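Which chain is which? The protein sequence lines are F and L, in order. Residue 216 in this note's numbering is what sits at position 216 of the first sequence, and the numbering runs on without skipping anything. Residue 42 in this note's numbering is what sits at position 42 of the second sequence, and the numbering runs on without skipping anything.
Because the hints were derived from the structure by calculation, they are not lab data. Here the structure is a predicted model, which is why all the values come from computation and not from measurement. Keep in mind that a hint or two might mislead.
If several chains are the same, the list does not tell them apart, and a pair holds so long as it fits within one copy or across any two.
Listed below are the simulated DSSO-like cross-link pairs for lysine-lysine, each with C-alpha atoms no more than 30 Å apart in a straight line [what the hints assert, rightly or not]:
id, residue 1, residue 2
1, Lys111, Lys273
2, Lys306, Lys173
3, Lys44, Lys173
2 protein chains.
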Amino acid sequence: MAETILNRRIVMASRPTGMPTPENFRMEEVEEPCESPEGGVLLKTLFFSLDPYMRGRMDAGPSYAQALEPGGVMEGGSVCEVIASRQPEFRPGDIVLASTGWQTHPRVSAKGLRKIDPALAPVSTALGVLGMPGMTAYTGLLNIGSPKPGETLVVAAASGAVGSAVGQIGRIKGCRVVGIAGGPEKTRYIREDLGFDVALDHRATDFDEQLKAACPDGVDIYFENVGGRVWDLVRPLLNNFARVPVCGLIAQYNGVPAGEAASAVPLRSVLVKRLRIQGFIVSDFAAQRDEFLRDMGAWVASAQVKYREDVVEGIDNTVPAFLGLLEGRNFGKLLIRP
Amino acid sequence: MAETILNRRIVMASRPTGMPTPENFRMEEVEEPCESPEGGVLLKTLFFSLDPYMRGRMDAGPSYAQALEPGGVMEGGSVCEVIASRQPEFRPGDIVLASTGWQTHPRVSAKGLRKIDPALAPVSTALGVLGMPGMTAYTGLLNIGSPKPGETLVVAAASGAVGSAVGQIGRIKGCRVVGIAGGPEKTRYIREDLGFDVALDHRATDFDEQLKAACPDGVDIYFENVGGRVWDLVRPLLNNFARVPVCGLIAQYNGVPAGEAASAVPLRSVLVKRLRIQGFIVSDFAAQRDEFLRDMGAWVASAQVKYREDVVEGIDNTVPAFLGLLEGRNFGKLLIRP
Numbered sequence: 001m002a003e004t005i006l007n008r009r010i011v012m013a014s015r016p017t018g019m020p021t022p023e024n025f026r027m028e029e030v031e032e033p034c035e036s037p038e039g040g041v042l043l044k045t046l047f048f049s050l051d052p053y054m055r056g057r058m059d060a061g062p063s064y065a066q067a068l069e070p071g072g073v074m075e076g077g078s079v080c081e082v083i084a085s086r087q088p089e090f091r092p093g094d095i096v097l098a099s100t101g102w103q104t105h106p107r108v109s110a111k112g113l114r115k116i117d118p119a120l121a122p123v124s125t126a127l128g129v130l131g132m133p134g135m136t137a138y139t140g141l142l143n144i145g146s147p148k149p150g151e152t153l154v155v156a157a158a159s160g161a162v163g164s165a166v167g168q169i170g171r172i173k174g175c176r177v178v179g180i181a182g183g184p185e186k187t188r189y190i191r192e193d194l195g196f197d198v199a200l201d202h203r204a205t206d207f208d209e210q211l212k213a214a215c216p217d218g219v220d221i222y223f224e225n226v227g228g229r230v231w232d233l234v235r236p237l238l239n240n241f242a243r244v245p246v247c248g249l250i251a252q253y254n255g256v257p258a259g260e261a262a263s264a265v266p267l268r269s270v271l272v273k274r275l276r277i278q279g280f281i282v283s284d285f286a287a288q289r290d291e292f293l294r295d296m297g298a299w300v301a302s303a304q305v306k307y308r309e310d311v312v313e314g315i316d317n318t319v320p321a322f323l324g325l326l327e328g329r330n331f332g333k334l335l336i337r338p
Numbered sequence: 001m002a003e004t005i006l007n008r009r010i011v012m013a014s015r016p017t018g019m020p021t022p023e024n025f026r027m028e029e030v031e032e033p034c035e036s037p038e039g040g041v042l043l044k045t046l047f048f049s050l051d052p053y054m055r056g057r058m059d060a061g062p063s064y065a066q067a068l069e070p071g072g073v074m075e076g077g078s079v080c081e082v083i084a085s086r087q088p089e090f091r092p093g094d095i096v097l098a099s100t101g102w103q104t105h106p107r108v109s110a111k112g113l114r115k116i117d118p119a120l121a122p123v124s125t126a127l128g129v130l131g132m133p134g135m136t137a138y139t140g141l142l143n144i145g146s147p148k149p150g151e152t153l154v155v156a157a158a159s160g161a162v163g164s165a166v167g168q169i170g171r172i173k174g175c176r177v178v179g180i181a182g183g184p185e186k187t188r189y190i191r192e193d194l195g196f197d198v199a200l201d202h203r204a205t206d207f208d209e210q211l212k213a214a215c216p217d218g219v220d221i222y223f224e225n226v227g228g229r230v231w232d233l234v235r236p237l238l239n240n241f242a243r244v245p246v247c248g249l250i251a252q253y254n255g256v257p258a259g260e261a262a263s264a265v266p267l268r269s270v271l272v273k274r275l276r277i278q279g280f281i282v283s284d285f286a287a288q289r290d291e292f293l294r295d296m297g298a299w300v301a302s303a304q305v306k307y308r309e310d311v312v313e314g315i316d317n318t319v320p321a322f323l324g325l326l327e328g329r330n331f332g333k334l335l336i337r338p
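If we strip away everything but chain F, and leave its shape as in the complex, we get (with noise of 0.2 Å):
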């Protein structure tokens, strides 16, 4: 009787060790009714989102949430038109902010959806600069980090959906901001596009020599999302008071390099610069959302917030994406338009 559809969905097949390989994920086709659940909604997916605190969801064992199970669709969040709706909030041709993953048509419960309104801003920025990332940035900037004028911010993945807002509110805060990224393109595009006061490359032989020069008064603001070697180079230049917002470690998510120690800060340094070091999750923060939206609202839409996103076209496309994101070769914040 009903017709049916194919929805198309990417499942974690293994659990990787290390950096994740093709290997570790298989597409699955599923044909299912067009019409939707008891009590939900059928989705068609306009956008979904990579993010690298993917990778820590395809480990076994703690984390802030609960890990994915070898099978399971690889989760995140998403943008997505309503197709058919049990639930009269809801009607055909809505677009909403979902958290469907890796699939082209979620059939859900409605719980969790919230609309979006396209005459806003494009519907693609409530997985950007509107959304996840960067209320990330925001909040754990400004409550963490607590930035005042005339201080050192420095944040590296400079040119990334996080990174990029974090420098860019340090700027309309007052702070000199830093940033480094990778490759030429990108510090280019953070300092001339973006108005960061120095870009780094970290790839330069001597970027330890180039972070001292860039920051002589030291450090006071570390926006920390990538660990390893940048963190090492960072924490002696930190002031005293310094505040470090411990937002993503991706540098280690694939295990600690050979050779490399787990990224961590000695008490010692802690007590005598009386630095304040804290971890964080944007839910955390969940009751700043209208806060976050009106703030960063305004900022984008007087271009004092700029942002960049990397579209990749077509879910078969999404594993080398992600294994992309992982390496550092998105330039912005990274979509699959399915």
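Start from chain F and add chain L according to the hints.
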């Protein structure tokens, strides 16, 4: 013409390597005029304080205070009587809080002296529960620890000047307080006299098991004043959103013991558990002095906060007492009555 007075003082003869020895100190006796210096005061020391932080001052290299140079008088807080004064605001017989260190008859500028009212509390408490150690406990626990009713607070060196105040303030704030101390006398004291919920002896062979059993709901606040092995055992017990005010690392003040690593926090656990690790010294919160004196004065007056002093008679016994402090042999706030 003028009479003279014999000032006996202890200087650092040489920098210690690891645990200090008596040879690192030297007593000097100086015949000085029995009158106040130009614009200053002549004092007679009633008590001077011995504190763990003094070990740090003996090292060269950067810390939060300038290092003491060999030949310099050992520094620290004192309570003194004014003998002679060229400053109208200080009269002979006045009792003052000073920073004159390990000496009997300091002749100093009046700058930084603070009058003490002997009617309010025993004057020695200005070096203990109503002084630097008490304020260290109060400001670190309340500003960084943010204690909430029902939370589990762990504090080591719990019979000491800072630890005992931390635990009792934690109780006042509704926490379940687990104290760690060395030996049956101290654990009995913190449990029975101070009202800690649990008292653990870190010398027990199954201390690690006892600690785990004492924290069935994990640890929400760990007030760090020792580092070393206790830190390594507490760390896995920290709950999500746990706070760690870092106030001292007495276990490693004499250097890192062989076979031990320098105490550190892995950034991965900071991230996954969203820990807040923050160093401080009491002067960072100097603006809260009045608030501290008001609250702590009331708690001491009502015996909600009790304190214990370990008063050693005679300046000649200072060095053994200090070395004992570094090994945990004192019992309560250590003071010298010279």
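Hints, verified against the model:
no.: 1; hint: Lys111 x Lys273; result: between (46 Å within a copy, 27 Å between copies)
no.: 2; hint: Lys306 x Lys173; result: within (15 Å within a copy, 46 Å between copies)
no.: 3; hint: Lys44 x Lys173; result: neither (39 Å within a copy, 52 Å between copies)
Consistency with the previously given hints fails for number 3 only.
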